[in-house]
Amino acid sequence: MLLSANSLSLSYNGHFVVQDFNLSIAPKTIVGLVGPNGSGKTTILRALAGLIEPRAGTALVQGKPASRLDKRMRARMIGWVPQQESAAWPLTVSEVVRLGRAPHRGWLMPYTAMDMKIVEHALARADLLSLKHRPVNKLSGGEFQRVLIARVLAQQPEALLLDEPTASLDIHHQVQVLDLVRDLVQEKGLSVVMAIHDLNLAVRYCDQLVLLNGGRQVSAGAPEDVLTPENLHTAFGVDARLYRDPWGAWAVSVQNTNKEKNHV
Amino acid sequence: MTRTRWIFIGLIAILIVSSILSLGMGAVSISPSETLAALSGHPVKTSHLTILWDFRVARILLVILCGSALASAGAAFQGLFRNPLADPYIVGASGGAALGATLAVVIGKSGPTLPIGAAGFLGAMAAVMLVYAIAEVSNFGSVVALLLAGAALSTMLSAIVSLLLIMSEEALHEVFAWLMGGFSGRSWSHLTQSTVAAVLGIVIIWPMSRALDALSAGESSAEALGLDLRRARLLIVIGASLSTAAAVSASGIIGFVGLIAPHLARRLIGAGHAVVIPASMLIGSILLLFADDLARTLMAPLELPVGVFTALLGGPFFLFLLRNGQKEL
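Note that the protein sequences, when read in sequence, are chains X and V. Just so you know, we're using the working numbering here: the first sequence kicks off at -16 and counts up by one. Just so you know, we're using the working numbering here: the second sequence kicks off at 21 and counts up by one.
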């Protein structure tokens, strides 16, 4: 098991943000963290990435505490993509993507021809070849998101931690990025944990879901078992249910409460 | 890549030409051809040879050294703080240097004599280490803490300097002249003193280029890319402080060079620190040479403090940056 969390509790400024969270991720699996704002999704990802120290319990990478691992070794195993990232300086797209090779090449040695080939490949897969000399501060939100995806591809980790990877993308690029993630999972046997707002995308792409509410696990398992009307009501306070869309895939529909009120 | 190469060739050419012109300037003016002849060992007037070798060559080299040191420290601090308004003095280096120098002068009046430059160096390093220690134990635990601690300590140190100066009036002039920054009367001994620290600082800073690039994305992202934040921060602060202290001990406090040079470098050559740092050093040297030329010649034979000119040129530039916001930087 590459990644696991055992009774993980996380706090921020002395307040518990996540309590007693358990997870173990098999290879070739996409696990989606779903839940309302402030339910602890981002914090869990940061703990799995080793960026924060657990208050109690453990976040393990190959059986060792994530926050205690050698940072470069950890970065070769785990790629973390934040929901938002700012660029202090106008580095070019390819300069930023090249940093994905730093865990392999170190901070001093020049990049090799092999690194450049990997970077080029990552740029191509994220549909960024035409933008590679563009300064990153001149990109749209969606383009920048794809730069972050390309950087983590160049990093070639065994597990991906994605924080709302589709939040700033249009529907075309949402599907493109998530298709890419799914392809990588199939090709390289990656494990993926992603926080994802959009329940329709979550049921469509994730093998398993963990529903969170107020930092606690409400339910975990196959998407259709997790997103029951009761669970959705508990977590989000809406009346919603899964149905088969015209292509036979699961989709989520929310009852329009306003309309209901108007009619009554 | 070729564009980058041409920019470096151009900057080096400008630096060489302005060095030769600067060597000829001063109370006794020497033509560029005579300067070149003297430098290449051809016979020239003995008095000119003495002026060049005993005074001006060392001075010009020291100007270049200080310009490079301040510019590299500026690029490093801007990268570390992710802030285009950071400068080499931001973590308290200038406040510490001023206090060190003032103490040396005040103590020198009644006790053992201490060289002002060395005292400034020690003061700068002590202040930076104190700021760093405070930032490390603070709750922020980040560059914000460094910035705040630097600002707080600088204000305190300058208050102590004012107090010392008020209490011992006769020391005022000497300290004041030193604080304004300048290369008047500097020679080979100053150069040899400062070279080691400046070169050491630059040798620490430049290899941090990739780490500084990663920090552009923020501390969490840099850490997720495998950067050991504490270690990187410590190395950058040590390297940049050594460079700053080397410049301060040789020439007093010269503002704005370390602020402006990295900006010009980024405009010219892009944002990757591996090229920004050496380009900043070249630009910093050229700017400081110009400022020193003005300081020496404008009211000759009187020499003005070079810090006055860098501030006169740098102040408006700084305001221009503020007015245009950060989006264009």
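Honestly, the hints are just simulated from the structure, not real lab data. Please read these numbers as outputs of a predicted model, since none were measured by experiment. Don't be surprised by glycine CBs; every beta carbon is placed ideally from N, CA and C. Among the clues, some could well be false.
[Stated by the list, open to error] For the chain V half of the interface with chain X, some residues (derived, Cβ under 7 Å), not all of them:
(1) Gly44
(2) Gly46
(3) Ala47
(4) Ser51
(5) Pro52
(6) Arg102
(7) Pro227
(8) Ala237
(9) Ser240
(10) Ser241
(11) Gly246
(12) Asp248
(13) Arg287
(14) Ala294
(15) Val295
(16) Pro321
[As the list claims (entries may be wrong)] In silico SDA-like links for lysine to any residue, alpha-carbon gap of 20 Å or less:
(17) X/Lys54 to X/Leu(-15)
(18) X/Lys54 to V/Glu239
(19) X/Lys54 to V/Pro104
(20) X/Lys54 to V/Pro227
(21) X/Lys115 to V/Thr22
(22) X/Lys121 to V/Ser49
(23) X/Lys121 to V/Arg102
(24) X/Lys54 to V/Gly238
(25) X/Lys115 to V/Ile289
(26) X/Lys54 to V/Leu255
(27) X/Lys54 to V/Leu254
(28) X/Lys121 to V/Arg287
Verification of the supplied hints:
{"no.": "1", "hint": "Gly44", "result": "violated (39 Å)"}
{"no.": "2", "hint": "Gly46", "result": "violated (40 Å)"}
{"no.": "3", "hint": "Ala47", "result": "violated (44 Å)"}
{"no.": "4", "hint": "Ser51", "result": "violated (43 Å)"}
{"no.": "5", "hint": "Pro52", "result": "violated (38 Å)"}
{"no.": "6", "hint": "Arg102", "result": "holds (4 Å)"}
{"no.": "7", "hint": "Pro227", "result": "holds (6 Å)"}
{"no.": "8", "hint": "Ala237", "result": "holds (5 Å)"}
{"no.": "9", "hint": "Ser240", "result": "holds (5 Å)"}
{"no.": "10", "hint": "Ser241", "result": "holds (6 Å)"}
{"no.": "11", "hint": "Gly246", "result": "holds (3 Å)"}
{"no.": "12", "hint": "Asp248", "result": "holds (5 Å)"}
{"no.": "13", "hint": "Arg287", "result": "violated (10 Å)"}
{"no.": "14", "hint": "Ala294", "result": "violated (9 Å)"}
{"no.": "15", "hint": "Val295", "result": "violated (10 Å)"}
{"no.": "16", "hint": "Pro321", "result": "violated (44 Å)"}
{"no.": "17", "hint": "X/Lys54 to X/Leu(-15)", "result": "holds (16 Å)"}
{"no.": "18", "hint": "X/Lys54 to V/Glu239", "result": "holds (13 Å)"}
{"no.": "19", "hint": "X/Lys54 to V/Pro104", "result": "violated (28 Å)"}
{"no.": "20", "hint": "X/Lys54 to V/Pro227", "result": "holds (19 Å)"}
{"no.": "21", "hint": "X/Lys115 to V/Thr22", "result": "holds (17 Å)"}
{"no.": "22", "hint": "X/Lys121 to V/Ser49", "result": "violated (50 Å)"}
{"no.": "23", "hint": "X/Lys121 to V/Arg102", "result": "holds (17 Å)"}
{"no.": "24", "hint": "X/Lys54 to V/Gly238", "result": "holds (16 Å)"}
{"no.": "25", "hint": "X/Lys115 to V/Ile289", "result": "holds (16 Å)"}
{"no.": "26", "hint": "X/Lys54 to V/Leu255", "result": "holds (17 Å)"}
{"no.": "27", "hint": "X/Lys54 to V/Leu254", "result": "holds (16 Å)"}
{"no.": "28", "hint": "X/Lys121 to V/Arg287", "result": "holds (15 Å)"}
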